[in-house]
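*Asks:* Between the sequences and the hints, there should be enough to build the whole structure, so can you do that?
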Amino acid sequence: MDCVVTGGNVKVLAKAIHSLSRIGDELYLEPQEDGLTLRSVNSSRSAYACFLFAPLFFSRYVIPDGHGFRCKMAIKSVQAVFRSLATLEKTVEKCHIELDGDRNRLTFTLHCKHGLLKTHNLSFQDSESLQAVFDKDSSTNVLKAQPRVLVDTVLNFPPSLEEVTVTVSNERVWFRNHVDQEAEPSKAMLTELCLSADEFDHFEVRAQSSVTFCLKELRGLLVFAESTGLPISMYFAEPGRPVVLSVTDSVLDGNFVLATLSDELGVRQQNSKRACTPPPPTDDFMNDELESYLIAMDTSIATGPSVPEAVLAPLLPSRAGSPPAKPDPRSTIHSEREEDSMEEEVEDLGRPPNKKFRSLFFGSVYPTGSPLSSRTMTSQKVLASDSEDDT
Amino acid sequence: MPLSTQSQTDDAQYILVASLDNARNISNILKAITFKDHAIFSATPNGLKVTVEDSKCLQANAFIQADIFQEYTIKEDSVGFQINLTVLLDCLTIFGGSTVPGVSTALRMCYMGYGYPLTLFLEEGGVVTVCKINTQEPEEPIDFDFCSSNVTNKVILQSESLKEAFSELDMTSEVLQITMSPSQPYFRLSTFGNSGNAHYDYPKDSDMMELFQCTKTQINRYKMSLLKPSTKALALSCKVSVRTDSRGFLSLQYLVRNDDGQICFVEYYCCPDEEVGED
Numbered sequence: 000m001d002c003v004v005t006g007g008n009v010k011v012l013a014k015a016i017h018s019l020s021r022i023g024d025e026l027y028l029e030p031q032e033d034g035l036t037l038r039s040v041n042s043s044r045s046a047y048a049c050f051l052f053a054p055l056f057f058s059r060y061v062i063p064d065g066h067g068f069r070c071k072m073a074i075k076s077v078q079a080v081f082r083s084l085a086t087l088e089k090t091v092e093k094c095h096i097e098l099d100g101d102r103n104r105l106t107f108t109l110h111c112k113h114g115l116l117k118t119h120n121l122s123f124q125d126s127e128s129l130q131a132v133f134d135k136d137s138s139t140n141v142l143k144a145q146p147r148v149l150v151d152t153v154l155n156f157p158p159s160l161e162e163v164t165v166t167v168s169n170e171r172v173w174f175r176n177h178v179d180q181e182a183e184p185s186k187a188m189l190t191e192l193c194l195s196a197d198e199f200d201h202f203e204v205r206a207q208s209s210v211t212f213c214l215k216e217l218r219g220l221l222v223f224a225e226s227t228g229l230p231i232s233m234y235f236a237e238p239g240r241p242v243v244l245s246v247t248d249s250v251l252d253g254n255f256v257l258a259t260l261s262d263e264l265g266v267r268q269q270n271s272k273r274a275c276t277p278p279p280p281t282d283d284f285m286n287d288e289l290e291s292y293l294i295a296m297d298t299s300i301a302t303g304p305s306v307p308e309a310v311l312a313p314l315l316p317s318r319a320g321s322p323p324a325k326p327d328p329r330s331t332i333h334s335e336r337e338e339d340s341m342e343e344e345v346e347d348l349g350r351p352p353n354k355k356f357r358s359l360f361f362g363s364v365y366p367t368g369s370p371l372s373s374r375t376m377t378s379q380k381v382l383a384s385d386s387e388d389d390t
Numbered sequence: 000m001p002l003s004t005q006s007q008t009d010d011a012q013y014i015l016v017a018s019l020d021n022a023r024n025i026s027n028i029l030k031a032i033t034f035k036d037h038a039i040f041s042a043t044p045n046g047l048k049v050t051v052e053d054s055k056c057l058q059a060n061a062f063i064q065a066d067i068f069q070e071y072t073i074k075e076d077s078v079g080f081q082i083n084l085t086v087l088l089d090c091l092t093i094f095g096g097s098t099v100p101g102v103s104t105a106l107r108m109c110y111m112g113y114g115y116p117l118t119l120f121l122e123e124g125g126v127v128t129v130c131k132i133n134t135q136e137p138e139e140p141i142d143f144d145f146c147s148s149n150v151t152n153k154v155i156l157q158s159e160s161l162k163e164a165f166s167e168l169d170m171t172s173e174v175l176q177i178t179m180s181p182s183q184p185y186f187r188l189s190t191f192g193n194s195g196n197a198h199y200d201y202p203k204d205s206d207m208m209e210l211f212q213c214t215k216t217q218i219n220r221y222k223m224s225l226l227k228p229s230t231k232a233l234a235l236s237c238k239v240s241v242r243t244d245s246r247g248f249l250s251l252q253y254l255v256r257n258d259d260g261q262i263c264f265v266e267y268y269c270c271p272d273e274e275v276g277e278d
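Residue numbers (numbering that gives the first Met the number 0), protein chains in the order written: chain A, 0 to 390; chain B, 0 to 278.
Treat the hints as calculated values from the structure; they're not laboratory data.
Any given hint could turn out to be false.
Covered by chain A, according to a simulated footprint, are these stretches of chain B (three or more residues, beta-carbon under 8 Å) [claimed, not checked]:
hint, segment
1, 165-173
2, 187-199
3, 204-213
The list that follows gives simulated cross-link-like pairs (lysine-lysine, DSS-like), each with its CA atoms no further than 27 Å apart [said to hold, decoys possible]:
hint, chain 1, residue 1, chain 2, residue 2
4, B, K153, A, K112
5, B, K162, B, K203
6, B, K30, B, K238
7, B, K231, A, K89
8, B, K131, B, K48
9, B, K238, A, K112
10, A, K112, B, K203
11, B, K162, A, K112
12, B, K30, B, K153
13, B, K215, B, K203
14, A, K89, B, K162
15, B, K162, A, K93
16, B, K238, B, K153
17, A, K112, B, K231
18, B, K238, B, K203
Listing some non-contacts, in silico: residues in chain A with all C-beta distances to chain B over 12 Å [said to hold, decoys possible]:
hint, residue
19, D1
20, A53
21, P54
22, V132
23, F133
24, K135
25, Q145
26, R147
27, L154
28, R171
29, E191
30, E198
31, L229
32, S232
All figures in this text were calculated on a predicted structure; none of them were measured in a lab.
Even for Gly, the Cβ is constructed at its ideal location relative to N, Cα and C.
*Replies:* Okay, here's the thing in structure tokens:
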């Protein structure tokens with residue numbers, strides 16, 4: 000492998016690595032015919048990110064013949080190569096990535112101003128291919144926005160906020176901080192932003208829905224998108240199915256796949272008289288958004304079981320063996336709970352309750368037959384987001 | 000002027016008196032050598048030399064010439080004492096060490112002689128603080144016996160280019176290896192960390208290289224933990240001279256320009272870590 004990145008593309012590469020570092024601890028690197036892929040996945044496998052840099056991104060792109068070469072390495076060590084992001088643009092003229100097969104080293108050489116040459120020889124491990132299974136085309140909802148729009152939106156949330164809930168209707172999108180079930184209701188603060196469809200470059204909502212996912216990874220992608228000025232597309236369908244955030248350019252392609260909270264939480268929250276997925280307010284309440292929204296919420300609680308169908312629907316079909324949907328959400332949850340405790344008794348120990356992110360399915364990560372592969376099933380539930388451990 | 004009236008009468012007893020309009024000019028340069036509490040002060044008619052040592056392997060010297068001070072009186076050929084540097088720095092910045100232009104702490108530093116405390120009069124905005132810091136028996140600084148006649152290799156670099164390298168150094172590496180050579184790679188800094196190794200090469204014709212005098216290829220390793228404190232001096236400096244002698248001892252000399260444009264020097268000596276074996 001022998002790649003050369005020049006000029007502004009060095010910064011793009013560096014930013015991509017920095018945004019991947021928000022996901023996991025390891026960087027998976029795979030040079031392929033159609034470009035260089037950089038991937039990362041978090042430890043709970045609820046977030047995955049992949050960048051593909053097309054051969055045209057490089058001023059030289061030569062990959063090894065024969066069998067595919069893949070490796071993984073500590074993302075920190077690659078980050079160290081591009082440590083000073085601020086000065087990178089001014090100082091680095093050329094970045095040369097080369098594989099030294101004999102010494103098992105991946106060499107990053109930065110040619111800097113004043114003739115300074117920085118060479119980093121990084122050790123790596125062979126790795127299996129890392130690939131999340133996701134399908135953007137099956138998403139019912141697609142939103143595309145300039146990075147600025149999302150950056151300004153996310154800025155309103157405190158840095159400590161872990162998860163954000165995105166609710167879409169035909170004309171609008173709501174971003175709301177996700178309040179943990181455990182949180183003291185009197186101390187919880189709800190921040191909500193509403194963006195109208197015309198803030199977006201593309202707005203396609205075929206099914207109203209509401210998904211909750213981790214903010215940390217989105218922030219990581221935003222840093223990348225903002226510096227490259229690329230619009231972000233968001234693909235999602237229903238709670239529990241991953242949301243895909245992607246940036247695309249003629250020479251690069253980035254996809255962040257994040258697990259979303261499965262929906263039973265939403266219903267539970269409704270039960271405990273807290274907001275999660277109330278019906279989006281209608282146009283009549285244009286002028287008094289939040290208040291009308293609260294009114295709408297109140298009514299839905301008062302009427303109890305009459306939770307809108309859009310919220311309840313995705314709850315059950317994905318789980319085989321669940322009892323058929325009942326009008327009363329209480330009973331539904333009850334049965335789900337029982338089932339959980341039977342299925343995952345061991346894993347339940349010490350698991351934070353009500354935080355059920357579905358793991359993404361990584362088909363070929365583990366060789367078949369390994370004890371892990373049987374556990375990594377599409378419906379596997381993950382303890383919680385990775386971001387929890389970090390903060 | 001509260002400072003002058005207050006101390007006028009006592010002046011005769013002091014064997015050393017040094018005054019400075021801006022205490023930051025001395026506190027900054029002392030910060031560049033603060034990695035151990037104890038500092039040896041030796042004053043001569045030429046100025047003040049402050050020495051800090053670590054593990055008998057590292058020595059840092061700050062040179063503050065007599066003409067940096069507005070007043071500098073010494074009644075003996077040489078005056079020496081040891082003092083707690085951290086305490087001294089705390090006193091020098093007792094008014095907060097403000098960096099606002101126009102606001103500065105005036106300093107008058109007096110020493111009566113062996114066994115007496117070092118007395119500091121500090122004044123800012125009409126408020127005077129008097130600090131007395133006990134002095135200790137001065138130790139003899141280690142003689143690294145580094146003389147310019149034994150220097151094998153020498154380069155002078157603009158600090159800017161080294162600052163970048165030092166800020167990025169892989170701190171998981173136990174040593175910093177310095178290669179100086181009349182041929183490729185000329186001047187190289189290398190680290191050997193957990194995730195691999197890294198080299199920073201400076202060509203001899205770089206704009207950052209002000210002087211390149213290397214006669215013989217030398218590869219020496221120095222403990223990262225020992226060199227780490229020198230980054231404080233590097234951060235303040237505008238030029239740095241890197242020299243190694245025939246034994247592999249390292250001398251780093253930093254040229255520091257203070258707020259008033261005057262020049263001071265900070266110097267670090269460091270022993271090589273060990274003979275370089277196979278890589």
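*Asks:* Next, verify each hint and record whether it holds.
*Replies:* Now the hints, each set against the structure:
no., hint, verdict
1, 165-173, "holds (count 3)"
2, 187-199, "holds (count 8)"
3, 204-213, "holds (count 4)"
4, B:K153 x A:K112, "holds, 22 Å"
5, B:K162 x B:K203, "holds, 18 Å"
6, B:K30 x B:K238, "holds, 18 Å"
7, B:K231 x A:K89, "holds, 24 Å"
8, B:K131 x B:K48, "holds, 20 Å"
9, B:K238 x A:K112, "holds, 18 Å"
10, A:K112 x B:K203, "holds, 14 Å"
11, B:K162 x A:K112, "holds, 14 Å"
12, B:K30 x B:K153, "holds, 26 Å"
13, B:K215 x B:K203, "holds, 14 Å"
14, A:K89 x B:K162, "holds, 15 Å"
15, B:K162 x A:K93, "holds, 20 Å"
16, B:K238 x B:K153, "holds, 13 Å"
17, A:K112 x B:K231, "holds, 24 Å"
18, B:K238 x B:K203, "holds, 16 Å"
19, D1, "holds, 18 Å"
20, A53, "holds, 27 Å"
21, P54, "holds, 26 Å"
22, V132, "holds, 30 Å"
23, F133, "holds, 30 Å"
24, K135, "holds, 34 Å"
25, Q145, "holds, 33 Å"
26, R147, "holds, 31 Å"
27, L154, "holds, 28 Å"
28, R171, "holds, 46 Å"
29, E191, "holds, 41 Å"
30, E198, "holds, 40 Å"
31, L229, "holds, 28 Å"
32, S232, "holds, 34 Å"
Hint compliance for this structure: no hint is broken.
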